[in-house]
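Take the given structure of chain R and dock chain X to it, following the hints.
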Amino acid sequence: MNFFFEVLIGGLLSGVMYALVALGFVLIYKASGVFNFAQGAMVYLAALSVVGCVEKGAPLWLAIILAFVIMTLFGIATEKFVLRKLVNQPPITLFMATIGLAFFIEGLAPLVFGSEPRALELGIVDEPIPYILDNWNMVISKFDLVAAGVASVLVAALALFFQYTRIGRALRAVADDHQAALSIGIPLQNIWAIVWGVAGFVALVAGMMWGARNGVQFALTFTALKALPVLILGGFTSVPGAIVGGLIIGASEKLAEIYIPPVMQDMFGGNFGGIEGWFPYVLALLFLLVRPEGLFGERHIDRV
Amino acid sequence: MLYREAGQFKTTYAADQQIFPIRQDRLGILVLLVIAFLGVPLLASEYWFSAILIPFLIFALAALGLNILTGYAGQLSLGSAAFMAVGAYAAYNFQLRVEGIPILVSFICAGLTAAGVGILFGLPSLRIKGFYLAVATLAAQFFIVWCLTKFPWLSNNSSSGVISTQKLIIFGHELKTPVEKYLLVLSIVVFLALAAKNMVRSATGRAWMAVRDMDVAASVIGIRLMPTKLLAFAVSSFYCGVAGALYAFCYLGSVEPDGFSLDMSFKILFMIIIGGVGSIMGSFLGAAFILLLPIFLDIALPFLAGLFGLPFASETVSHIQILVFGALIMFFLIVEPHGLARLWQIAKEKLRLWPFPH
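Quick note, the sequences are listed as chains R and X, same order.
In this text, residue positions in the first sequence follow my numbering: the first is 1, and each later residue adds one.
In this text, residue positions in the second sequence follow my numbering: the first is 1, and each later residue adds one.
Keep in mind that the hints were calculated from the coordinates and are not lab data.
Where is the CB? At the ideal position from N, CA and C, for every residue including glycine.
Any given hint could turn out to be false.
Just so you have them, the derived chain X footprint on chain R, three or more residues with Cβ under 8 Å [said to hold, decoys possible]:
hint: 1; segment: 1-11
hint: 2; segment: 66-77
hint: 3; segment: 218-232
hint: 4; segment: 240-246
hint: 5; segment: 281-291
Same shape as in the complex, but just chain R:
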């Protein structure tokens, strides 16, 4: 039973990491209806720019600020030079443009900062917490806990930002109805630039967490693929959905990885590892059959 809880908690904590990436998707989709496939690439770019600045001799805090500036500028530039030109195109065109953007970033980032895998030191060690190890005999990583804490703070900050600031209110208005927001004088394009800036910031946080854990390397771009089932489970438009979806996906995929392969091995023989790769998708798919709009997504009503 101890082992079960250890896997479960480990899964939940890694789910928080997925949620960090999924948040970036939700922010942009909510505000502009763009399904931003480049979020994973943005995570990579953010992590690389932190590492790159540290390598050039900047202290860590300065590197983070510089990376934040880079990400914000990049987000604004994307909005200005790509998406603004594609206003009124069907969503699939915008989606394709963000895939193009992902390729662009994946080529650009290593060109500027170098492509070899590097470690990112945040000063948090990835080791089990002695107290839990002694008392309950479970391995819970300190780093995972810190990451979960950071994610919670980030979500709380975003929630406050959306709920109580002037810009946040404008963002929610734009998310509800572009036309109505425009007609009461909310500058749509500024809002979109801000959203891309905020998404860049979220990518930075996710990039630092993922980078510190797995090293800063090209594989960071695949975090986007991990975030997609989280998104459809939680609903594209819901910030809490991203968190809850992340927890469900993280926990269930780790449990599936531990408990399903032995069963299949008994049935068919052979090695059935690597279930993690598709299990979240199939889980999300089955879930969608029951609730097509995800856990917290808006119920869509079709009108002819």
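Leaving out everything else, chain X in the frame of chain R:
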């Protein structure tokens, strides 16, 4: 002036309904086919066949399949490479396990197998649409590739799922040279492309387009959504499956499941976006563009570097290649969101009046 339908009167229903109603189009297609079947085999080199023409035709076929699903029926899919993998492995297994089955029959069976799998993964489309569906098709992508790697029976117990395809024997004649393989692929692709062209202007195709434009409205006017959507998935997967079988048998000769990666699915999606969503011809134009672009960049980048005297590491070149690829896709979408097929359409409009615009 050259491309004008004035004076071509249609006096029978058959003439009115024919697939290319304008004489210039008929001639153009005919010339194109003659060039493809006779001219190209005489002129092209071995490298052209095995590195450019055969993959171009195969990917055009896969793009055609995806275009039926996404462009005509409006169901976004990110799993086309997985259906190609199903086709490749099914053809291999039919050849392996069914005694004396002709290769073409096993290609058809491969397509049908892929169609069955496609229907299975198309079922969610009855409940969900748009990006939710796109992400759901990713389940097909990852799950199928995983199955092909992990179930040793599917690859005849070879390590990590690699299969080497059997000999291509048609009517007792073994196809060995690239030219023969090219002609086989070309015949299949032409046949299926004509079939697709006919399908999309039939009642089925119109039903697909109605569902694409608005499925609620389509069901209100009496189109049954379930058969229509599932048929689109089946036909699309059939095309992808045949493309996959050709990819394994006529192009590579030996494939592994990981070769049919998400990247390949994206590539096929790019082809239809660049070529033109909802256009048969666009699939071909898009496939040509996406396949030729990397080759072109491979040649052009070192040349440009030499011109400016910059020393380029090969790694840098590959990064620049990805960068330029991404930038070009964004550029294309901004300049011509309807793809290359739209450019062709505009050209035709202009040709009508050229050279006397009034």
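Verification of the supplied hints:
no.	hint	result
1	1-11	violated (count 0)
2	66-77	violated (count 0)
3	218-232	holds (count 5)
4	240-246	violated (count 0)
5	281-291	holds (count 6)
When held up to the earlier numbered hints, the structure conflicts with 1, 2, 4 and fits the remainder.
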